[in-house]
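S.K.: So the chains spell out like this:
2 protein chains.
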Amino acid sequence: MSADAGAEMTAYVHQAIPILGAMGLEVTEAADGRAAARIPLEPNRNHFGVIYAGSLFTVAEMLGGAIGFTALQLEGFVPLVKSLEIKFLRPAATSVTASTSLTPDEVERVRAEASSNGKADFELVCDVVDENGVVVASTVGQYQLRRMG
Amino acid sequence: MSADAGAEMTAYVHQAIPILGAMGLEVTEAADGRAAARIPLEPNRNHFGVIYAGSLFTVAEMLGGAIGFTALQLEGFVPLVKSLEIKFLRPAATSVTASTSLTPDEVERVRAEASSNGKADFELVCDVVDENGVVVASTVGQYQLRRMG
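So the protein sequences, as listed, match chains A and B. FYI, in our numbering the residues of the first sequence are 1 to 149. FYI, in our numbering the residues of the second sequence are 1001 to 1149.
What the hints contain is simulated information worked out from the structure, not anything from laboratory work. All values derive from a computational prediction rather than experimental measurement. Hints should not be assumed to be uniformly reliable.
Below, a list of computed lysine to aspartate or glutamate pairs in the DMTMM-like style, where the Cα atoms sit at most 25 Å apart [claimed, not checked]:
id: 1; chain 1: B; residue 1: Lys1087; chain 2: A; residue 2: Asp127
id: 2; chain 1: A; residue 1: Lys82; chain 2: A; residue 2: Glu123
id: 3; chain 1: B; residue 1: Lys1087; chain 2: B; residue 2: Glu1113
id: 4; chain 1: A; residue 1: Lys82; chain 2: B; residue 2: Glu1131
Bound conformation, chain A alone (with noise of 0.2 Å):
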């Protein structure tokens, strides 16, 4: 994704849930199936001066949101999130990157079945990683591409 194009999904997310704003989330990545993006350690820091729980849990969660408007992108359809699991294995004491990817395949299954039963299913896993490549959150969640009303 172009420099410009991540600026512009940044501004839409932004204006679309202003808490993402508020965290200073970056969407990084997003085409091809894959997404990424990053919140710094400010404002998101907790009182031991690493990055809150709540804070780790959306940059990976919104992934679900970023590859739905793009890689699963279908008129009148809209993804929306129905669980997720995290682990949260090491302290993050510097900015995170969240990414995660569909395989061309698995995208091809979701836009087929959705276009079909009005609704498909899909897994997202991803890795939370620090400046210093350390994984400090993993996450599963379970997604549904849904015609919308």
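Starting from the structure of chain A, add chain B where the hints point.
M.R.: Frame of chain A; chain B shown alone:
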């Protein structure tokens, strides 16, 4: 908890974890092994006009800290979250309140085990309920009370 005690703990958590202040989170109960917190729809809304998943996660997750620093309070110990599973059951178009509790026996077990071993795991089950009494999300979190440093 008195209104004053609630306001005092709310001010503390806003200082400790600034993003909780940005969400407008209020601690409404934190005594006798019980904890509850509320967040308003604004500024937690998403592009569907309902509360964003990450804010629902947060209002539930932070109760581990509220209980960790009240019922489980032990000099030199802090509560940590190890993992959390959240199910999103219904959209939340109003403010929501999350609540959880530990039995007196469980409080005693966790404090005794932490004192002996330097750490003790505990589980919190939490419902997040909207103003109409509808459960919009449910969580199961694994926490640990651990000696600092």
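S.K.: Evaluate each hint against the coordinates.
M.R.: Evaluation of the provided hints:
no.	hint	verdict
1	Lys1087/B x Asp127/A	holds (20 Å)
2	Lys82/A x Glu123/A	holds (10 Å)
3	Lys1087/B x Glu1113/B	violated (30 Å)
4	Lys82/A x Glu1131/B	holds (21 Å)
This entry does not satisfy hint 3, going by the numbered hints stated previously; all others are met.
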